Structure formats: structure tokens, C-alpha cells
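**Student:** All chains, full assembly: derive it from the sequences and hints.
Just so you know, my numbering puts the end of the sequence shown at 318, numbered straight through with nothing missing.
For the record, the hints were derived by calculation from the structure and aren't laboratory data.
Computed from a prediction, not measured in an experiment: that's the story for all the values here.
Yeah, the Cβ is synthetic: ideal placement off N, Cα and C, and Gly gets one too.
A hint or two may mislead.
Simulated restraints on C-beta separations [said to hold, decoys possible]: (1) 260 with 313: 32 to 38 Å; (2) 315 with 260: 25 to 31 Å; (3) 249 with 312: 33 to 39 Å.
Below 16 Å or equal to it, Euclidean Cα-Cα: the simulated EDC-like pairs (lysine to aspartate or glutamate) are [said to hold, decoys possible]: (4) 297 with 282; (5) 281 with 261; (6) 281 with 263; (7) 313 with 290; (8) 254 with 270; (9) 297 with 263; (10) 281 with 270; (11) 254 with 289.
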Amino acid sequence: QGNVFKGEGVAMDAEGNLTFAESGHCVALLGVKDLIVVQSEDATMVCHKDYAQEVKALAQEVARKRSDLS
Numbered sequence: 249q250g251n252v253f254k255g256e257g258v259a260m261d262a263e264g265n266l267t268f269a270e271s272g273h274c275v276a277l278l279g280v281k282d283l284i285v286v287q288s289e290d291a292t293m294v295c296h297k298d299y300a301q302e303v304k305a306l307a308q309e310v311a312r313k314r315s316d317l318s
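**Tutor:** Set out below in C-alpha cells:
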């Protein structure tokens, strides 16, 4: 209940989650609460909503470590 899916998704015993998935990819949630899940062609990011303000820093760290993802 209270889950938001942009793209395909299914949830069981999960609440308050926000997911973004590219076409053809399904995000399945089980027993989790207040997560943000972003799936793209070359990376998947999962964080608690309390850390949403740090997503940009995480993306920069991923790009630094994996220059092929930039």
C-alpha cells in the first residue's frame, strides 16, 4: 500500500516505496518500506527515502568508479 511504480512493479508486504524502471524490467518488492529504487540500463540504485538528498552524490561516485556508465 502506498507504493508508487513508474514502469512495471509488484509489491507484497511493502509500503511507501517509489520505483522507476525502464521498459521491460519489473521491480519486485517484498517486506520493504520507504525505499527509492531506480533501475536503468546499466545500473540500479536503492536507497531509503531518508537519503534521497544524497542521490546526486551517489551518482557521482558511481560515475567516478565506473567511467563506462557516464
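**Student:** Now look at each hint and say whether the structure bears it out.
**Tutor:** Hints and how they fare:
no. : hint                     : verdict
1   : 260 with 313: 32 to 38 Å : 33 Å, holds
2   : 315 with 260: 25 to 31 Å : 38 Å, violated
3   : 249 with 312: 33 to 39 Å : 38 Å, holds
4   : 297 with 282             : 6 Å, holds
5   : 281 with 261             : 9 Å, holds
6   : 281 with 263             : 5 Å, holds
7   : 313 with 290             : 13 Å, holds
8   : 254 with 270             : 8 Å, holds
9   : 297 with 263             : 12 Å, holds
10  : 281 with 270             : 22 Å, violated
11  : 254 with 289             : 15 Å, holds
The structure fails hints 2, 10 (numbered hints given earlier, in ascending order).
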